[in-house]
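There are 8 protein chains.
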Amino acid sequence: MKKEEIRALLEKIKRGEISVEEAEQTLVRLPYAELDFAKVDHHREIRKGIPEVVFCQGKELNEIRAILKELLTHSRGNLILTRAGPEVYRGIMDICPQAEYRERARTILVWREKQEPRGKVVVMSAGTADIPVAEEACAVCEITGNAVERLYDVGVAGVHRLLAHLPSLEKANVIVVVAGMEGALASVVGGLVACPVIAVPTSVGYGAQFGGLAPLLTMLNSCAPGVAVVNIDNGFGAGFIAHLINQSACRV
Amino acid sequence: MKKEEIRALLEKIKRGEISVEEAEQTLVRLPYAELDFAKVDHHREIRKGIPEVVFCQGKELNEIRAILKELLTHSRGNLILTRAGPEVYRGIMDICPQAEYRERARTILVWREKQEPRGKVVVMSAGTADIPVAEEACAVCEITGNAVERLYDVGVAGVHRLLAHLPSLEKANVIVVVAGMEGALASVVGGLVACPVIAVPTSVGYGAQFGGLAPLLTMLNSCAPGVAVVNIDNGFGAGFIAHLINQSACRV
Amino acid sequence: MKKEEIRALLEKIKRGEISVEEAEQTLVRLPYAELDFAKVDHHREIRKGIPEVVFCQGKELNEIRAILKELLTHSRGNLILTRAGPEVYRGIMDICPQAEYRERARTILVWREKQEPRGKVVVMSAGTADIPVAEEACAVCEITGNAVERLYDVGVAGVHRLLAHLPSLEKANVIVVVAGMEGALASVVGGLVACPVIAVPTSVGYGAQFGGLAPLLTMLNSCAPGVAVVNIDNGFGAGFIAHLINQSACRV
Amino acid sequence: MKKEEIRALLEKIKRGEISVEEAEQTLVRLPYAELDFAKVDHHREIRKGIPEVVFCQGKELNEIRAILKELLTHSRGNLILTRAGPEVYRGIMDICPQAEYRERARTILVWREKQEPRGKVVVMSAGTADIPVAEEACAVCEITGNAVERLYDVGVAGVHRLLAHLPSLEKANVIVVVAGMEGALASVVGGLVACPVIAVPTSVGYGAQFGGLAPLLTMLNSCAPGVAVVNIDNGFGAGFIAHLINQSACRV
Amino acid sequence: MKKEEIRALLEKIKRGEISVEEAEQTLVRLPYAELDFAKVDHHREIRKGIPEVVFCQGKELNEIRAILKELLTHSRGNLILTRAGPEVYRGIMDICPQAEYRERARTILVWREKQEPRGKVVVMSAGTADIPVAEEACAVCEITGNAVERLYDVGVAGVHRLLAHLPSLEKANVIVVVAGMEGALASVVGGLVACPVIAVPTSVGYGAQFGGLAPLLTMLNSCAPGVAVVNIDNGFGAGFIAHLINQSACRV
Amino acid sequence: MKKEEIRALLEKIKRGEISVEEAEQTLVRLPYAELDFAKVDHHREIRKGIPEVVFCQGKELNEIRAILKELLTHSRGNLILTRAGPEVYRGIMDICPQAEYRERARTILVWREKQEPRGKVVVMSAGTADIPVAEEACAVCEITGNAVERLYDVGVAGVHRLLAHLPSLEKANVIVVVAGMEGALASVVGGLVACPVIAVPTSVGYGAQFGGLAPLLTMLNSCAPGVAVVNIDNGFGAGFIAHLINQSACRV
Amino acid sequence: MKKEEIRALLEKIKRGEISVEEAEQTLVRLPYAELDFAKVDHHREIRKGIPEVVFCQGKELNEIRAILKELLTHSRGNLILTRAGPEVYRGIMDICPQAEYRERARTILVWREKQEPRGKVVVMSAGTADIPVAEEACAVCEITGNAVERLYDVGVAGVHRLLAHLPSLEKANVIVVVAGMEGALASVVGGLVACPVIAVPTSVGYGAQFGGLAPLLTMLNSCAPGVAVVNIDNGFGAGFIAHLINQSACRV
Amino acid sequence: MKKEEIRALLEKIKRGEISVEEAEQTLVRLPYAELDFAKVDHHREIRKGIPEVVFCQGKELNEIRAILKELLTHSRGNLILTRAGPEVYRGIMDICPQAEYRERARTILVWREKQEPRGKVVVMSAGTADIPVAEEACAVCEITGNAVERLYDVGVAGVHRLLAHLPSLEKANVIVVVAGMEGALASVVGGLVACPVIAVPTSVGYGAQFGGLAPLLTMLNSCAPGVAVVNIDNGFGAGFIAHLINQSACRV
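Protein chains in written order, with the numbering used here: chain A, 1 to 252; chain B, 1 to 252; chain C, 1 to 252; chain D, 1 to 252; chain E, 1 to 252; chain F, 1 to 252; chain G, 1 to 252; chain H, 1 to 252.
Worth flagging that the hints you see were computed from the coordinates, not collected in a lab.
There's no promise every hint is true.
[Unchecked claim] Computed Cβ-Cβ distance ranges for the label pairs, DEER-style: (1) B:100 <-> D:12: 48 to 54 Å; (2) F:58 <-> E:62: 57 to 63 Å; (3) B:90 <-> H:115: 46 to 52 Å; (4) H:150 <-> B:94: 29 to 35 Å; (5) D:76 <-> E:21: 53 to 59 Å; (6) B:90 <-> D:116: 53 to 59 Å; (7) H:115 <-> G:104: 43 to 49 Å; (8) H:152 <-> G:11: 40 to 46 Å; (9) E:152 <-> H:53: 16 to 22 Å; (10) E:53 <-> C:93: 53 to 59 Å; (11) A:62 <-> G:104: 44 to 50 Å; (12) E:60 <-> C:76: 20 to 26 Å.
Glycine included, every Cβ here is placed at the ideal spot set by N, Cα and C.
Please put together the full structure from these sequences, using the hints given.
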C-alpha cells in the first residue's frame with residue numbers, strides 16, 4: 001500500500017465514503033499485507049548501488065534469460081551476473097549484446113550507467129590461482145563505481161614483494177585479501193595497514209587445506225585486528241562489502 | 001634509526017667526517033637492523049586511534065602490571081585491557097586509579113584523552129546472553145571515539161522487535177551484530193540495511209551449537225550481501241573494524 | 001500366522017485333534033517365527049496413507065522395474081518413486097503408462113486413488129535453487145491427500161516478502177521450510193507462526209556451507225521454538241512427517 | 001498502537017479533529033514504529049499455549065527474579081523456567097511460593113490455570129541417564145495441557161521391552177524419543193508407529209559419541225520416515241513441538 | 001505371559017471353559033503384550049555369561065544401591081559395576097561386603113560363582129597411561145571366566161619390546177589392543193598374529209589427538225586385516241566381545 | 001635364513017670349516033637381515049587361511065596381472081582380488097580362466113582348493129544398496145572355507161522382519177551387520193544375539209550421512225555390547241575377522 | 001636498490017651533487033620501496049639449491065609455457081615442475097626438449113647442472129599406491145643433488161619387511177616416510193632410527209580415512225619422537241625439507 | 001643375548017660341549033625372544049643424545065619417583081621430565097636435589113654431563129602466551145647440547161619486528177616456530193630463511209581457533225616450502241627433531 005493509497009483511504013473516511021470499521025480492517029493488517037515495502041527496498045538498493053545481482057550457479061539458462069529480460073525491461077541500473085560460465089555468456093548475448101564477459105571472474109557485467117570511479121579499493125591475491133576469486137571482487141567493485149587497484153601474487157612466502165607495495169596499500173580505504181593455501185596474507189596485511197581488511201579464503205590448495213577450511217580458520221583467528229572474513233571463494237561478497245565501505249568513506 | 005640520525009649520517013659524509021664505505025656499511029643493513037620502524041608503527045597507531053591494547057587472558061597479573069606501567073609512562077593515548085576479570089581490575093587499581101572497569105564486557109578502559117564521539121556504530125545482540133560480547137565491542141568503539149547505539153535482545157524469533165528499530169539502523173555507518181544460538185540475526189539485518197554489517201558469532205547455546213560453530217557458519221553463508229564475520233566471541237575484533245569503518249566514513 | 005490360522009489351531013485343540021503340548025509348541029515361538037506381522041504393517045500403512053515408496057537412488061533400472069511391477073500387481077494404493085531421474089521415468093513408462101513425472105522433484109507419482117486434498121500444508125523455499133527439494137516434499141504431501149500451498153523464494157535477505165505472506169502462514173497446520181545457504185528462514189518462520197515447522201536444510205551454497213552442514217546447524221539451534229529438522233536435502237522425509245501432522249489435525 | 005487507538009485516530013479524521021496529513025504521518029510509520037505488535041504476539045502466544053518461557057542458563061539470579069516478577073504481574077497464563085538449578089528454585093521461592101520444582105528436569109512450573117490434559121503425547125527414553133532431558137519435555141507438555149505418558153529405559157539393546165509397549169505407542173498423537181549413546185531408538189520407533197516422532201539426541205555417552213553428535217546424525221539419517229529432530233539435549237524444544245502437534249490433533 | 005499360562009489357556013479351551021474367540025483375542029496380541037520375553041533374555045544372558053552389568057557413570061549412589069540390591073536378591077551370577085569411582089565402592093560396601101574393587105579399572109566385581117579361567121585373551125596397552133582402560137577390559141574378561149594375560153607398555157616406539165612377546169601372542173584366541181596417542185599398535189599387532197584383534201582407542205594424548213579421534217581413525221584404517229574397533233576408552237566393550245570370541249573358541 | 005641353514009652353519013663350526021668369528025658375524029645380524037621371516041609369515045598365512053589378497057583399487061591392470069601371475073606360479077592356495085571392476089576381470093581372464101567374478105561384490109575369486117564350508121557366519125544388510133559391501137564380506141568368508149548365510153534388507157524400519165530371523169541368528173558363530181543410512185541395525189542385532197557382531201558402516205545415504213560417518217558413529221556407540229566395527233564400506237575387513245572368529249569356534 | 005647504487009648516492013652527497021634532503025628522502029623509504037631484496041632472495045635460492053619450482057596444478061598450459069620460457073632464459077639452475085600431467089609434458093616439449101618426465105611422480109625435471117649426489121635420503125612408502133607421492137619427494141631430492149634410496153611397500157602389516165632394512169635406515173641423514181591408510185609406518189620408523197623423520201600422509205584409502213585425515217592425525221600424534229609432518233600428499237614439501245636437512249648434514 | 005653370549009655358544013659347539021641341535025634351538029628363537037635388542041636401543045639412544053625422557057602428564061607422583069630412581073641408578077646421561085607441574089618438582093627434590101626446574105616450560109632437567117653447546121637452534125614464538133611451549137622446546141635442545149637462541153613475541157601482526165632479526169635467523173641450522181592464534185608466523189619465516197623450519201601450533205586463542213586446529217592447518221598448508229609440523233603444543237617434539245637436525249649439521 002503506497003503512501004497515496006493510505007492518503008486516499010483517509011480522505012474517503014473524511015468524506016464519509018467508507019466507515020471507520022472498514023478502514024480499521026484494512027489498516028490493522030497493514031504491516032503484514034499490503035504495505036509498500038518495495039519503496040524501502042528501492043531506497044536500499046539505490047544507496048547500495050547495485051540494482052540487481054543474478055547468482056547463476058544452479059540456475060538453468062532459460063531461467064537466467066527470463067530474469068535478465070525482466071531486469072533489462074524494468075530496471076535501469078547496472079547489472080551483474082556472477083558464477084556465470086562461458087555457456088551462460090553465449091546464451092544471453094542475443095538479448096543483451098552489450099554484456100561484458102570477464103571469463104576469469106566468471107562474471108557478466110551490464111553497464112547502463114557509468115560514474116567516475118571513486119575512492120580506492122585494493123584487491124590482493126596471494127597466488128595466481130586465487131585470481132579468479134579476486135577478479136570477481138574487482139568486478140563487483142568496478143560496476144558499483146569504485147576505483148580498484150589489483151596486487152596479485154604477493155603471498156607471504158616472499159614477504160618483501162608485499163612490503164614493496166606498502167605505500168600503495170596505505171592509501172586504500174579498504175583492502176580485499178584473497179588467499180588460499182594457508183591464508184596467512186590477511187594477517188600480515190592486517191598488521192601493516194590502518195584501513196579495514198576484508199579477507200576471502202579460497203579453496204586453492206589440497207590435502208589438509210580441506211576445501212578452504214585452513215585459510216578460513218587462519219583469517220578468523222588473525223592476530224592482527226581490523227580483519228573480517230567472508231565465505232570461502234566468495235569474491236562477490238568481499239567486493240560488495242568493500243564497495244559499501246569505500247562508498248561510505250567517499251560519501252561525506 | 002630515526003630520520004634525524006639518517007640526516008646526521010648524511011651530513012657527516014658531506015662534511016667528510018666519515019668515509020663513504022663506513023656510511024654504506026650502516027645503510028645497507030638498514031631495513032633489517034636499525035631502521036626506525038617504530039615511527040612507521042607510530043604512524044599506523046595514530047591513524048588507527050588505539051595506541052595500545054592489552055589482551056589479558058593467559059597473562060599473569062604481574063605481567064599485566066608491568067605492561068601497564070610501561071604504557072602509562074611511555075604512551076599518551078587511551079588504553080584498553082580486554083578479557084580482564086575483576087581480579088585484574090583489583091590488581092591494577094593502585095597503579096592506575098583512573099581505570100574504568102566494565103564488568104560485563106570484562107574490559108578496563110583508561111581514558112587519557114576524550115574526543116567528541118563521531119559517526120554512528122550500532123551494536124546489536126540477539127539475546128541477553130550475548131551482551132558481554134556486544135559490550136566488549138562497544139567498549140572498543142567508545143574508547144576510540146565513536147558514537148555507539150546499543151540494540152539488545154532483538155533476535156529473529158520475534159522479527160517485529162527488529163523491524164521497529166529499522167529507522168535507527170538506517171542511520172548507522174556500520175552495524176555490529178552479535179548472536180549465538182543459530183546466529184540468523186546477521187542475515188536478517190544484512191537484508192534490511194545498506195551499511196556494512198560486522199557479524200560476531202558467540203558461543204552462547206548448547207548441543208549442536210558446538211561452541212559457536214553454528215552461528216559462525218550461518219554468518220559466513222549469509223544469503224544477504226554486505227556481511228563479514230570475525231572470530232567466535234571476538235567482540236574486540238568486531239568493535240575494532242567497526243571503528244575503522246566508522247572513522248573512515250567521518251574522516252572525509 | 002494369520003488370525004484364521006490361530007483360530008484353526010484353537011479349534012483343533014477344542015476338537016481334540018491336536019494335543020495341548022503340540023499347540024503350545026507352536027504358540028511359544030509365535031513372536032519370532034510365523035506371526036502375521038504383515039497385517040500389523042498393513043494396518044500401519046493404511047493409517048500412514050502411503051502404501052509404498054521406492055527410493056530409486058542407487059538402484060538399477062531393472063530392480064526398480066521389478067519392484068514396481070510387484071507393487072502394481074499386489075497393492076492398490078498410490079505409489080511414489082523418489083530420487084528418480086528422467087532415465088528412470090522413461091524406463092518404466094511401458095509398464096506404468098499412467099505415471100506422472102515431476103522432473104524438478106525427480107519424483108514419479110502413480111495415482112490409483114484420488115481423495116479430496118485435506119487440511120493445509122505450506123511448503124516454503126528460501127531460494128529458487130532450493131525448489132527441487134521443496135517440490136519433493138510437495139509431491140509426497142499431494143499423493144497422500146494433503147492440500148499444499150507453495151511459497152517460494154522468500155528468503156530472509158528480504159524479510160518483507162515473508163511478512164507479506166503471514167496471513168497465509170497462519171492458516172497452515174504445518175509448514176515445511178526448505179533452505180540452503182545459511183538456513184535462517186526456519187528461525188524467522190518459527191518465530192512468526194503457531195504451528196509446527198519442519199525444517200529441511202539443503203546443500204545449496206558453496207564454501208563453508210559444507211554441503212548443507214551450515215543450514216543444518218542453524219536449524220537445529222533455532223532460537224524460535226516449534227522447529228524440528230530432517231536430513232539435508234530430505235524433501236521426502238519432511239513431506240512425510242508434514243503429512244502425518246496435517247492428517248492428524250484433520251482426522252478428528 | 002492498539003486497535004482502539006487506530007480507531008480513535010480514524011474517528012478523529014472523520015470528525016475533522018486532525019488533518020489527513022497528520023494521520024498519514026502516523027500511519028505510514030506504523031509497521032516499523034508504534035504498531036501494536038504485542039497484540040499479534042499475544043494472539044500467537046495464546047494459540048501456542050505458552051505465555052512465557054524463561055531460559056535460565058547463563059542468566060544471573062537477580063535477572064531471573066526481575067523477569068519472573070514482571071511475568072507474575074503482567075501476564076496471567078502458566079509460566080515455565082527451564083535449565084533452572086536448585087539454587088534458582090530456592091532463589092525465587094519468596095516471590096513465587098506456588099512454584100513447582102522438578103529437580104530432574106531442572107524445570108520450574110508455575111501453574112496459574114489448569115485445564116484437563118488432552119490428547120496423548122508419549123515421551124520415551126532409551127536409558128535412565130536420558131531421563132532428565134525426557135522430563136524437561138514432559139514438563140513442557142504438561143504445563144501446556146497435554147496428556148503425557150512416560151516410557152523410560154526402553155533402548156534397542158532389548159528390543160522386546162519396546163515391542164511390549166506397542167499397543168500404547170499406537171494410541172499416541174506424537175511420540176518424543178529421547179536417546180543418547182547411538183540413538184537408534186528413534187529409527188526403531190519410527191518404523192513401528194504411524195504418528196510423527198520427534199527425536200532428541202542427548203549427550204549421554206563418551207568417546208566417539210562426541211557430545212551428542214553420534215545420536216544426532218543417527219536420528220537425521222533415520223531409515224524410518226516420520227522422524228524429525230531437535231537439538232542435542234533440547235527436551236524443551238521437543239516438548240514444545242510435540243505440544244503443537246498434539247493440540248492440533250485435538251483441536252478439530 | 002509365561003509358558004504355563006499359555007498352556008493353561010489352551011487347556012481351558014480344550015475343556016470348553018472359554019470360547020475359541022476369547023482365546024484368539026488373547027493370543028493375537030501375544031508378541032507385543034504379555035509374551036514371556038524375559039525367558040528369551042534369560043537364555044541370552046546365560047549364554048553370554050554376564051548376568052548383569054551396571055554402568056555407574058551418571059547414576060547417583062542411591063540409584064546404584066537400589067539396582068545392586070535387586071541384583072543381589074534376584075540373580076545368582078557374577079556382577080560387574082563399571083565406571084565406578086572410589087566413592088561408589090565405599091557407598092556399596094555395607095550391602096555388598098564381598099565386592100572386589102579394582103581402582104585403576106574403576107570397576108567393582110562381585111564374584112558369586114567362580115569357574116576355572118578358560119582359553120586365552122591377551123590384553124595389551126601401548127603406554128602406561130592406557131592401563132586403566134586395559135584393566136577394565138581385563139576385569140570383564142576375568143569375571144566372565146576367561147584366562148587373561150596382560151602385556152603393558154609395548155608401544156610401537158620400541159617395536160622390539162613387542163616382538164619379544166610374539167610367541168605369547170601367537171597362543172591367544174583373541175587380543176585386545178589398547179592404545180592412545182596415534183594408536184599404531186593395533187596395525188602392527190594385526191600384522192603379526194593370526195587371531196582376531198579388538199582395538200580400543202583411548203583419549204590419552206593431547207592436541208591433535210582430539211580426545212581419541214586420532215587412534216580411532218588409525219585403527220579403523222588399519223592396513224593389517226583382522227582388526228575391529230570399539231568406542232574410545234571402551235575397555236568394557238572390548239573385554240566383552242573378546243570374552244564372546246574366546247568362549248566360542250573354547251566351547252567346541 | 002632357514003632353519004637348515006642355521007644348522008648347516010653350526011655344523012660347519014663344529015667341523016672347524018669356518019671360524020667362530022665368521023659365524024658370529026652372520027648370527028649377530030640375524031634378526032634384521034637374513035632371518036627366515038618368510039617362514040613365520042607362511043605359518044601365519046596358513047593359519048589365517050588366505051594365502052594372498054590383491055586390493056585392486058588404485059592399481060593399474062598390468063600391475064594386477066603381474067602380481068596375479070606370480071601368485072598363480074608361486075603359491076597354491078585360493079586367491080581373492082577385491083575392489084575389482086569388470087575391466088579387471090576381463091583383463092585377467094586370459095591368464096586365469098578359472099577365475100570366478102562376483103560383479104556386485106566387485107571381487108574375483110580363484111578357487112584352487114575347496115574345503116567343506118565350516119561353522120556359520122551370518123551376513124546381514126540393512127538395505128538393498130548395502131548388498132555390494134555385504135557380498136564382499138561373503139566372498140571373503142566363502143573362499144576361506146566358512147559356511148555363510150545371507151539375510152538382506154532387514155533394516156530396523158521394519159523390526160519384525162528382523163525378529164522373524166532370530167532363530168537363525170542364534171545359531172551363528174559370528175554375525176556381520178552391514179548398514180548405511182543411520183546404521184541402527186548393529187545395535188538391535190547386538191541386543192538380540194549372544195555371538196560377536198562385526199559391524200560395517202556403509203556410505204549409502206546422503207546429506208548428514210557424511211559418507212558413512214553417521215553409521216560409523218552409531219556403531220561405535222552401540223548401546224548393546226558385543227559389537228566391534230570396521231572401516232566404512234570395508235566388507236573385506238569384516239569378512240576377514242568373521243572368518244577368524246568362525247574358524248576359531250570350529251577349530252577346537 | 002643495489003649496494004652500488006647506495007654507494008653512488010653517498011658519493012653524490014660527498015661531491016655535493018645532491019642535497020642531504022634529497023638523499024634523506026630516498027633512504028627513508030628504503031625498506032619498503034627500492035631495496036634490493038632480490039639479492040637476498042637470490043642468496044636464499046642458491047643456498048636452498050632450487051632456483052625455480054613451478055606448481056602446475058590449476059595453471060593453464062599457456063601460463064606454464066610462459067613461466068618456463070622465462071626461466072629457461074633468465075635463470076641457469078635446474079628446474080622442477082610439479083603436479084604436471086602428461087598433457088603438460090607434451091605441451092612443453094617443443095620449448096624444452098631436454099625435459100625429463102617422471103610420469104608416476106607427475107613431475108618434470110629440467111637438468112642444467114648436475115652435481116654428484118651427496119649424503120643419503122631414504123624415501124619409504126607403506127604401500128604401492130603411495131609411490132606417486134614418494135616419487136615426487138625423490139624427484140625433488142634428486143634434482144637438488146641428494147643421494148636417494150627408495151624403500152617401497154614396507155608397511156607395518158608386515159613389520160619384518162621393515163626390520164630387514166634397518167641397517168640401511170641407520171645410515172640415512174633423513175628419512176621421508178610416505179603412508180596412506182592409517183599411516184602407522186612413521187611411528188614405527190621413528191622408533192627405530194636416530195635421524196629426523198619427515199612424514200607424509202597420503203589420501204590413499206577409503207571410508208574413515210577421510211582423504212588423508214587419518215594418517216595425518218596418526219603422524220602428528222606419533223608416540224616416537226623425531227617425527228615432523230607435512231601436508232597430505234605433499235611429496236614435494238617432504239622432499240624439499242629432506243633436502244635442506246641432508247645438505248646441512250653434508251655441508252660441514 | 002649379548003654378542004659375547006653368542007660367541008660363547010658358538011665356542012661351546014666348536015668344543016663339542018653342546019650339540020648342534022641344542023644350539024639351533026636357541027638361535028632359531030633369537031629375533032623374538034632373547035636377542036640383545038637393548039644394545040641396539042642403547043646405540044640409538046647414545047646417538048640421539050637423550051638417554052631418558054619422562055612424560056609426567058597422567059602419571060602419579062609415586063610412579064614418577066620410581067622411574068626417576070631407576071634412571072638415577074642405572075643410567076648416566078642427562079634426564080628430562082616434561083609436563084611436570086610444580087608439585088612434581090617438589091615431590092622429587094629429595095631424591096634428585098640437583099634437578100633444575102623450569103616452571104614456565106613445566107620441565108625438570110637433571111644435568112649429569114655438560115657439553116659445550118653446539119650449532120645454532122633458533123626458537124621463535126609469535127606471542128607471549130606461546131612462550132611455555134617454546135621454552136619446552138628450548139629445554140630439550142639445551143639438555144641435548146645445542147646452542148639455542150630465543151626470539152619471542154615476533155608475530156606477523158608486526159612483521160618488521162621479525163625482519164629486524166633476519167641476520168640472526170640466517171645463521172641458524174634449524175628454526176622452531178611456535179605460534180597460536182592463526183599461526184601465520186611459520187609461513188613468513190619459511191619464506192625468509194634457507195634452513196628447515198619446525199612449526200609448532202599452540203592452543204593459544206579462542207573460538208574458531210578450536211584448540212590449535214587453526215594454526216595446525218595453517219602450518220600444514222604453508223605456502224613457503226621447508227616447513228614441517230609437529231602436534232599442537234608439542235614443544236618437546238619440536239625441540240627433539242630440531243636437536244637431531246642441528247647435531248647432524250654439526251656432526252660432520
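Consistency of the hints with the structure:
In this structure the hint that residue 100 of chain B and residue 12 of chain D lie 48 to 54 Å apart at CB holds, the actual value being about 50 Å. Residue 58 of chain F and residue 62 of chain E have their C-beta atoms about 58 Å apart, which keeps the hinted 57 to 63 Å range intact. Restraint check, residue 90 of chain B to residue 115 of chain H: a C-beta distance of roughly 48 Å satisfies the suggested window 46 to 52 Å. Restraint check, residue 150 of chain H to residue 94 of chain B: a C-beta distance of roughly 32 Å satisfies the suggested window 29 to 35 Å.
In this structure the hint that residue 76 of chain D and residue 21 of chain E lie 53 to 59 Å apart at CB holds, the actual value being about 54 Å. Taken as a hint, the range 53 to 59 Å holds for the pair residue 90 of chain B and residue 116 of chain D, whose Cβ atoms sit roughly 58 Å apart. Against the hinted window of 43 to 49 Å, the Cβ-Cβ separation of residue 115 of chain H and residue 104 of chain G comes to about 45 Å, which satisfies the hint. Between residue 152 of chain H and residue 11 of chain G the C-beta distance comes to about 41 Å, which sits within the given range of 40 to 46 Å.
Range check, residue 152 of chain E to residue 53 of chain H: Cβ separation about 19 Å, and the 16 to 22 Å hint holds. At roughly 57 Å, the beta-carbon separation of residue 53 of chain E and residue 93 of chain C lies within the given 53 to 59 Å, and the hint holds. For residue 62 of chain A and residue 104 of chain G, the Cβ-Cβ distance of about 46 Å falls inside the hinted range of 44 to 50 Å, so the restraint holds. Here the CB-CB span from residue 60 of chain E to residue 76 of chain C is close to 55 Å, at odds with the stated 20 to 26 Å.
Hint 12 from the earlier list is the only one contradicted by this structure; the remaining hints agree with it.
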